[in-house]
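Q: One-letter residues, chain by chain:
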Amino acid sequence: MHYCQLRPFSRVAPAALFAVTVLVFAGCEEPEIKKYTAAKEKSTVDKSSRLAGYKAPDDWVRMSKVMSPAVAGFEIGEGKKKVTVTLTRFIDEGGLVANIDRWRKQIGLPPGNEEQNRKDIRYLNIDGEKTPYVDLANPGKADSDRILGVIAKPGSTTWFFKMYGPPDQVELHKAAFEQFVESVRFAGSGANQ
Amino acid sequence: MNDIQTQITEQPAPPAPSETALAPPSAVPSIRKTGLPRVLSKCLQQLASLRLTVVLFVLSFVIVFCGTLAQVDSGIWTVVDKYFRSFYIWIPLNIFFPRDWAVRGGIPFPGGWLVGSLLLVNLLAAHAVRFKATWKRSGIILLHAGLIIMMVSELVTGLYAVEGSMLIAEGESANFLFHPRMTELAIMTAGTGETQDVVAVPMELLRKNGSKIKNDVLPFDIEVVQYMVNSQLCKQSRKPEFLAPFADKMADAPSGKENLATAGFGRTDYMAVPLPEVSGVEQNKEDHAAAYLRFVHKSTGQDLGTYLLPLILEDVPQFVNVDGKQYDVRLRFKRSYKPYAVYLYEFKHDKYVGTEIPKNFSSRIRLTDPANNVDRETLISMNDPFRYGGETFYQQSFDQIRGKQATILQVVKNPGWLMPYISCVMVAAGMMLHFGMHLQSFLARRTVK
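Chains as they are written, first to last, in our numbering: chain E, 40 to 232; chain Y, 211 to 659.
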């Protein structure tokens with residue numbers, strides 16, 4: 040029951056093979072170096088998340104281990120005269136006043152009201168930015184530490200620089216601490232791009 | 211010579227699970243008059259051999275078997291490219307043995323494309339010299355045409371299909387795709403302008419260790435010291451406050467290992483250690499490419515430093531100074547820029563009430579293509595992609611960038627996307643037609659009896 044006796048593929052086959060060969064060669068692309076102009080790259084990196092440099096006094100001894108979340112620390116002196124400096128970074132730090140309250144609690148002071156906490160704040164110049172700095176002591180409690188604390192927020196990361204120890208020893212090293220903090224440079228600052 | 215006609219009897223076909231064997235004995239007729247030159251006709255007769263079909267099928271099975279074994283060591287896409295989308299393969303013998311036997315050597319073998327092409331030739335040749343277009347065999351012809359389209363569609367997909375992803379933060383636009391299976395070295399002019407010149411060096415050129423890359427558009431010459439398809443980024447003994455926060459979780463650099471970097475963050479902060487490519491059998495792992503590249507001044511030959519460029523730190527710029535100009539260098543996923551931009555209004559991650567079980571992911575976007583006067587808003591959600599300009603946008607994933615919610619759209623362009631559908635319909639219709647006719651004649655014979 041043959042309706043036709045055509046051999047349609049006898050002529051189509053070579054043409055089809057030729058088409059496939061052309062397809063293969065047209066699709067083979069040699070890798071090449073390209074040049075173009077594009078919108079300036081937006082960085083997704085928080086450059087404030089790391090330090091570019093600082094100058095610590097020679098008599099500060101770097102701690103081999105620090106308790107998390109601190110990333111680095113120094114010790115000055117020994118025994119009862121020991122003063123400690125820590126460097127800590129946080130993404131979400133909870134706010135300036137809340138952190139001052141946290142430090143007040145550490146030395147046995149009651150939480151201060153916002154007005155009081157803000158009154159305690161002085162400022163240091165760190166990497167070109169006016170940066171909050173507090174000096175907290177509890178004279179009513181003989182064995183309590185004194186805390187010098189700096190809260191720097193150069194980007195979305197907040198850095199805490201803290202010196203704590205016996206009040207008289209902290210007083211001795213206060214100037215060195217302020218110099219140290221003012222020597223800090225952040226990786227994202229203009230000078231360190 | 212077209213009038214020379216041949217009449218050659220078909221040799222008995224060996225029993226084989228080929229498509230042509232689907233036809234009953236009556237459908238494997240003697241070779242017919244082809245109306246082709248004798249030489250071409252003889253060639254076609256050889257190429258149309260059913261023995262060749264069987265051999266090619268066996269070769270296909272071997273390739274699939276070896277490609278499956280090779281995924282123990284290599285990534286799935288490496289295997290696809292090496293075994294299936296190639297004309298020639300070198301099959302290492304160690305894939306057949308436990309890896310700690312360290313068996314050396316290998317065997318050459320035809321690649322998937324070569325075997326596929328020969329199967330295509332075999333099928334076309336069979337139709338050219340053996341099959342005749344009759345109503346009785348229309349089912350077989352339709353079925354085989356479907357198979358041909360299927361084979362060609364894989365070729366078209368392998369050669370022309372492009373897959374990429376678009377990462378867009380809420381309230382921002384993107385006009386490029388990144389290709390997660392490919393890397394490139396981007397050399398960008400540093401500065402404060404809105405735009406920057408970019409020179410992109412493709413991965414294929416970077417993967418040859420020791421090679422020197424010179425090109426007029428490059429601001430300096432490049433020497434590939436080491437390219438790693440996969441690597442582990444380690445921290446050097448640098449103080450943690452100088453490293454990114456995620457470095458806390460990094461392993462320390464192995465002691466005694468020479469640091470190849472002489473500039474950038476690789477000199478002091480990080481070190482990359484080569485790792486084997488993530489294999490096709492490992493779940494939820496991905497390769498982290500890295501490269502040590504040495505940059506050399508074009509005219510003076512001055513060493514500008516060897517930099518570590520890890521993909522994982524593609525967002526951290528490193529700068530190379532040449533003749534007072536600063537260039538930002540990064541290893542990143544390959545990019546393709548588009549003539550259109552996609553703006554993301556909102557990404558939504560719906561959950562079933564009272565649970566954390568995802569219900570739906572969707573992105574409300576606006577696509578603008580000034581050259582074609584297109585400005586469209588649409589919602590892309592799971593199983594409801596958006597098509598534009600031959601590309602299909604699927605909701606793929608989501609992320610956070612710069613503290614903002616971001617969507618990841620998969621963008622696929624495949625000129626042959628319809629071919630598998632057409633092929634399947636043709637094969638199904640061909641089988642129904644073929645077996646339907648046989649059923650009909652069987653029933654007719656039974657009625658006569």
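If you are wondering where the hints come from, they were derived from the structure by calculation, not from laboratory data. Every residue, glycine too, gets a C-beta built ideally from N, C-alpha and C. Do not rely on the hints blindly, as some may be mistaken.
[Stated by the list, open to error] Computed footprint of chain Y on chain E, listed as stretches where at least three residues anywhere in the stretch have a Cβ under 8 Å from a Cβ of chain Y:
#1 58-64
#2 142-155
[What the hints assert, rightly or not] In silico DSS-like links for lysine-lysine, alpha-carbon gap of 30 Å or less:
#3 Y/614 with Y/558
#4 E/158 with E/169
#5 E/74 with Y/558
#6 E/79 with Y/252
#7 E/104 with Y/558
#8 Y/424 with E/192
Q: Hint by hint, say whether it matches the structure.
A: Against the structure, the hints:
1. 58-64: holds (count 3)
2. 142-155: violated (count 0)
3. Y/614 with Y/558: Satisfied, since the Cα-Cα distance of roughly 13 Å is no more than 30 Å.
4. E/158 with E/169: The hint holds at about 16 Å.
5. E/74 with Y/558: With a Cα-Cα distance of about 37 Å, the restraint between residue 74 of chain E and residue 558 of chain Y is violated, given a limit of 30 Å.
6. E/79 with Y/252: Status violated; Cα separation ~63 Å.
7. E/104 with Y/558: The hint is violated at about 43 Å.
8. Y/424 with E/192: Not OK: residue 424 of chain Y and residue 192 of chain E at ~44 Å, beyond 30 Å, violated.
Of the numbered hints given earlier, the model fails hints 2, 5, 6, 7, 8; all others are met.
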